[in-house]
Amino acid sequence: MKKKKNNELDFYYLSKDNKNKRVQNKKKHPKKKLKKVNPEPMNDDMFNIDNEIVIGVTVLPPKNGKSSRKNQSKKKVKKQDVRPQNKFDVTDKEPSKVRPVQKGQAKKNRPVKRIPYEEERKRRQKREKRFRILKIILKILLLFAIIIGILLFLFISPVFNIKKINVQGNSKINTEEIESLSKINMNENIFRFSSRQIEENVKENAYIDTVEVKRKIPNTVEIIVTERETKYQLEYGNAFVYIDGNGNILEISNENANLPIIRGYSTVQENIQVGNKLVDEDCNKLLTVEKFLRAAKSNEIYDIITYIDISNDSDYKVELPSKGKVAYLGDETNINDKILTLKEILTREEGKNGQIFINDSNKMPYFRENV
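Under my numbering, the residues of the sequence shown are numbered 1 to 371, in order.
Hints were generated in silico from the structure; no laboratory data involved.
Take these hints with a grain of salt, some might be off.
What the hints assert, rightly or not - EDC-like cross-link-like pairs, simulated, lysine to aspartate or glutamate; straight-line CA separation at most 16 angstroms:
(1) K183 / E222
(2) K163 / E229
(3) K203 / E251
(4) K203 / E235
(5) K183 / E212
(6) K163 / E128
(7) K317 / E290
(8) K231 / E177
(9) K317 / D282
(10) K323 / E300
Stated by the list, open to error - Computed beta-carbon distance windows for the label pairs:
(11) P218 / L287: 40 to 50 angstroms
(12) G149 / K172: 37 to 47 angstroms
(13) R368 / E177: 31 to 41 angstroms
(14) Q197 / N271: 24 to 34 angstroms
Note that the structure is a prediction, hence the values are computed from the model and not measured.
Glycine included, every Cβ here is placed at the ideal spot set by N, Cα and C.
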């Protein structure tokens, strides 16, 4: 038994080459199988490996007391490992160590899947497209932020508060009245008021035809107006109604403006109010009256025309009280020739009261004196 144990120890301390040789010799000369005999129990005092000294083996001195427990545990492990190996267990290779699989290591060890070139190109195009869209969105947001910043500066900064109002184009209406009509507040931000609202406010005056509002940065507002011109009068009881060439009612006054007075109009008295307009029929007749008066100005007889009757659009009647005559001019055809004929008859029949007929194209114009 002791011999067998010694053989096992010798085998344990042999080098790998010697171990291999001994294994090969055992294969060549296998021993006969022996019957199993129950070994007799051995006392620990008979043989103790720990107390034996093996020639050729260096014994390390014990370390400090702190690591004694570790050394004892290592010794226990070695004692457990010191056991005879089977003759077929000896190999030249060292036993491989099993390492635990870490997170992500399994993915790294997977085989790399190759993506076709066309698919990779499509993916790249999609990425580039998403990047372009994102870039455009960022630009839009940046531009939007800049615009908001500018607007806030324009609407909040006191630099753009109104300090001055300039009015241009007015002759009949004074500047203070137009400023009052505009309802612009001084020291108000120049960008906060509505230009359209100011135009409507100023047009409340019937003499104002058009209004243009301009902002002069940083603090000036400019109002440019065009006024309507009074061309005719209407008799309205004991008063006079001033109208322009388009039939707009401009003013009702007790004073005679020394302008031609229109008679025979169709507009009802209830509608004769400042800011209103004559009915379309009367407005169309005023266009013909304008032609007669333009020809009268060119022939220097405009100032002697006092009344114009428009009740019959096929026969306009002109009254000249200073000359004691009434002229029937017919319709709007050949207006210049008719006015020229009227001037000749007035010159020829000077000092006579009567009627002048130039309304019949089939007859020669003539003068009929009052009896």
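We went through each hint and held it up to the structure:
1. K183 / E222: It holds: about 13 angstroms lies between the C-alpha atoms, which stays within 16 angstroms.
2. K163 / E229: violated (32 angstroms)
3. K203 / E251: holds (14 angstroms)
4. K203 / E235: violated (25 angstroms)
5. K183 / E212: Holds - the C-alpha atoms of E212 and K183 are around 15 angstroms apart, at most 16 angstroms.
6. K163 / E128: Not OK: K163 and E128 at ~54 angstroms, beyond 16 angstroms, violated.
7. K317 / E290: Between K317 and E290 the Cα gap is close to 14 angstroms, so the pair holds against 16 angstroms.
8. K231 / E177: Not OK: K231 and E177 at ~23 angstroms, beyond 16 angstroms, violated.
9. K317 / D282: Distance of about 15 angstroms is within 16 angstroms: holds.
10. K323 / E300: With a Cα-Cα distance of about 14 angstroms, the restraint between K323 and E300 holds, given a limit of 16 angstroms.
11. P218 / L287: 40 to 50 angstroms: holds (47 angstroms)
12. G149 / K172: 37 to 47 angstroms: Roughly 46 angstroms apart at Cβ, these two residues keep to the hinted range, so it holds.
13. R368 / E177: 31 to 41 angstroms: violated (51 angstroms)
14. Q197 / N271: 24 to 34 angstroms: holds (27 angstroms)
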